[in-house]
Amino acid sequence: MDLRDLYQDIILDHGRSPRNFRALAAPSHFAHGHNPLCGDKVTIFLRLEGDRIVEVSFEGKGCAISTASASLMTEVVLNKTLAEAEALFGHFHGTVTGGGGDLPDALAEEGERLQPLTGVKAYPTRVKCATLAWHTLEAAVKGGGLPVPVKTE
Amino acid sequence: MTLLLEDRAASRPDGAAFDPMAVRRQFPIFGRNPGLTFLDTAASAQKPRAVIDGMAEFYRTDYANVHRGVYGLSARSTARFEAARETVARFLNATDASEIVFVRGATEGINLVAQSWGPAFLRPGDQVVVSELEHHSNIVPWQMLRQRLGIELVVAPIGADGALDLVAFQGLLGPRTRLVAMTHLANVTGHVVAVEAVVRLAHAHGALVLLDGCQAVPRLPVDVRALDCDFYVFSGHKCYGPTGIGVLYAKRALLDAMPPWQGGGDMIRTVSFAETTYQDAPQRFEAGTPDIAGAIGLALALDFMDGLGRAAIRDHEAALTRYAEALLTEIPGVGLVAAGGSRLGALSFLVDGIHPHDLATIFDQHDVAVRAGHHCAQPLMDRLDLPATARASFGVYSTEADVERLAEAIRAAQKLFGVAAR
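Protein chains in written order, with UniProt numbering: chain A, 1 to 153; chain B, 1 to 422.
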């Protein structure tokens with residue numbers, strides 16, 4: 001396994017200069033995610049209009065994988081419906097945990113953009129880093145704005 | 001590069017040089033994993049052939065349950081088990097083997113003190129003092145006791161240099177201080193605590209002292225009588241022995257005054273449904289069939305350390321620590337977590353622009369094993385305002401080459417991440 005498969009340029013770039021790295025002034029939903037095993041912390045902020053994500057951002061401290069994953073996630077779920085975001089998470093989760101998971105053709109481009117992160121599947125101890133932001137996004141939606149515990153793998 | 005170590009070359013009392021390569025050959029793990037750079041001894045040490053084979057040989061030759069059978073085999077097994085207790089007592093320079101209680105590890109030893117001595121001697125409002133350097137195992141049992149008894153848990157701070165602040169510590173001691181429970185050598189930073197001063201100050205206030213020797217026992221000569229500590233705990237697996245065995249040392253008068261902890265076989269004298277009478281210490285604290293082979297394996301590990309010479313081990317660890325400090329700090333972008341000028345056997349470090357978990361993954365590709373994370377010391381990480389660190393730690397089999405490979409792996413990580421390029 002070449003480390004470059006895990007740490008591709010796009011991962012290093014998003015890890016160093018994360019996109020949408022800020023708090024939202026008026027989020028409709030947010031949640032704190034914490035991986036106590038490694039100390040990674042992330043807060044996901046959302047503003048929903050109906051079931052569409054019209055604003056999304058994050059803050060936190062973590063490794064390159066978790067930061068890049070959160071950054072890429074905010075890019076791909078923006079302007080998506082909750083159902084589309086869930087489909088993306090299902091697909092991504094399946095890919096990195098070895099389960100697969102089909103994606104509707106309409107989301108193929110977004111799926112492609114998450115591809116660089118899937119190198120993590122060869123590093124079982126790091127899968128949680130890649131999925132923390134997604135689990136936290138899910139918790140933010142389900143919690144309806146209330147703080148909820150975040151489950152990881 | 002090698003001058004530093006050669007200048008400080010450790011030697012045994014008989015003058016023979018301490019040769020880590022020769023020591024290394026006594027650890028089969030390195031034969032089976034030839035490229036391995038193992039720098040995580042503080043989490044658990046590898047095992048020498050003397051321990052692995054000695055335990056198997058005990059099972060083959062002398063094994064039966066202890067303290068029960070009239071038959072010869074059980075007598076032999078009992079003799080080996082009790083001889084192991086004698087070995088531990090000698091190793092710590094305890095007054096008597098009856099001051100040695102076998103437990104599963106340091107964690108169980110601390111829990112035993114908290115749950116037996118605690119309720120018998122502590123009243124609401126009494127204080128137990130720990131430090132900011134503690135491992136969770138020396139925090140949580142006292143928090144549980146606080147919940148149960150209404151005692152107070154007082155935290156002695158470290159200074160900016162990473163050392164226990166002795167002046168602040170002294171200021172925290174008062175008429176309600178009953179126990180000071182403190183690490184002897186901090187697992188995250190490698191700071192060797194001035195435990196002699198801690199004991200002196202605590203005793204001057206009438207408080208007892210429990211020392212957590214998990215990291216100190218594998219690296220320093222430890223003499224509980226010279227320290228005059230009241231309790232001392234350590235784990236077998238961190239000092240080249242098996243997992244599942246550890247030691248609680250306590251002064252005999254304390255053990256005599258402490259009620260039983262767990263009930264069951266082996267800890268009783270007579271049992272009827274109306275009344276049970278208990279054994280004297282240490283058997284009173286060892287309910288059920290003990291980890292017989294574990295105790296024997298631990299004794300073999302302590303004999304192994306004595307064979308190398310404990311002053312020689314300390315000097316070897318110190319020389320490697322100085323070498324690692326020198327090698328790592330000359331890499332731009334690398335910082336060490338402060339250890340109060342007394343770092344031994346373990347060092348935590350950070351690399352600018354690379355999270356410790358990314359470091360550990362990259363190191364793993366170079367077959368360099370270090371620990372990354374909070375090291376079971378989340379309160380200390382909060383105090384240092386760090387989510388995680390990478391930690392390298394040494395053992396008797398560690399060499400300068402291991403440290404050099406760590407430095408190479410750090411440079412490779414920096415190259416991959418495009419930081420601190422040289």
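A few of these clues could be false.
One side of the interface only, derived from the structure: several residues of chain B facing chain A at Cβ under 8 Å [as the list claims (entries may be wrong)]:
id: 1; residue: H67
id: 2; residue: P124
id: 3; residue: Q127
id: 4; residue: D358
Simulated restraints on C-beta separations [what the hints assert, rightly or not]:
id: 5; chain 1: A; residue 1: D13; chain 2: B; residue 2: D161; range: 35 to 41 Å
id: 6; chain 1: A; residue 1: F21; chain 2: B; residue 2: D161; range: 53 to 59 Å
id: 7; chain 1: A; residue 1: G143; chain 2: B; residue 2: G35; range: 45 to 51 Å
id: 8; chain 1: B; residue 1: A168; chain 2: A; residue 2: V54; range: 50 to 56 Å
id: 9; chain 1: B; residue 1: N33; chain 2: A; residue 2: L37; range: 54 to 60 Å
id: 10; chain 1: B; residue 1: A79; chain 2: A; residue 2: K61; range: 19 to 25 Å
id: 11; chain 1: A; residue 1: I10; chain 2: B; residue 2: S44; range: 55 to 61 Å
Think about it this way: if two alpha-carbon atoms lie no more than 25 Å apart in a straight line, the pair counts; the simulated DSS-like pairs of lysine-lysine are [claimed, not checked]:
id: 12; chain 1: A; residue 1: K41; chain 2: A; residue 2: K128
id: 13; chain 1: A; residue 1: K61; chain 2: B; residue 2: K415
id: 14; chain 1: A; residue 1: K61; chain 2: A; residue 2: K41
id: 15; chain 1: B; residue 1: K415; chain 2: A; residue 2: K121
FYI, nobody ran anything at the bench for these hints, they're computed from the structure.
Note that beta-carbon positions come from the ideal geometry of N, C-alpha and C, so glycine has one too.
List of violated hint numbers, smallest to largest:
The structure breaks hints 1, 2, 3, 6, 9, 10, 11; every other hint is satisfied.
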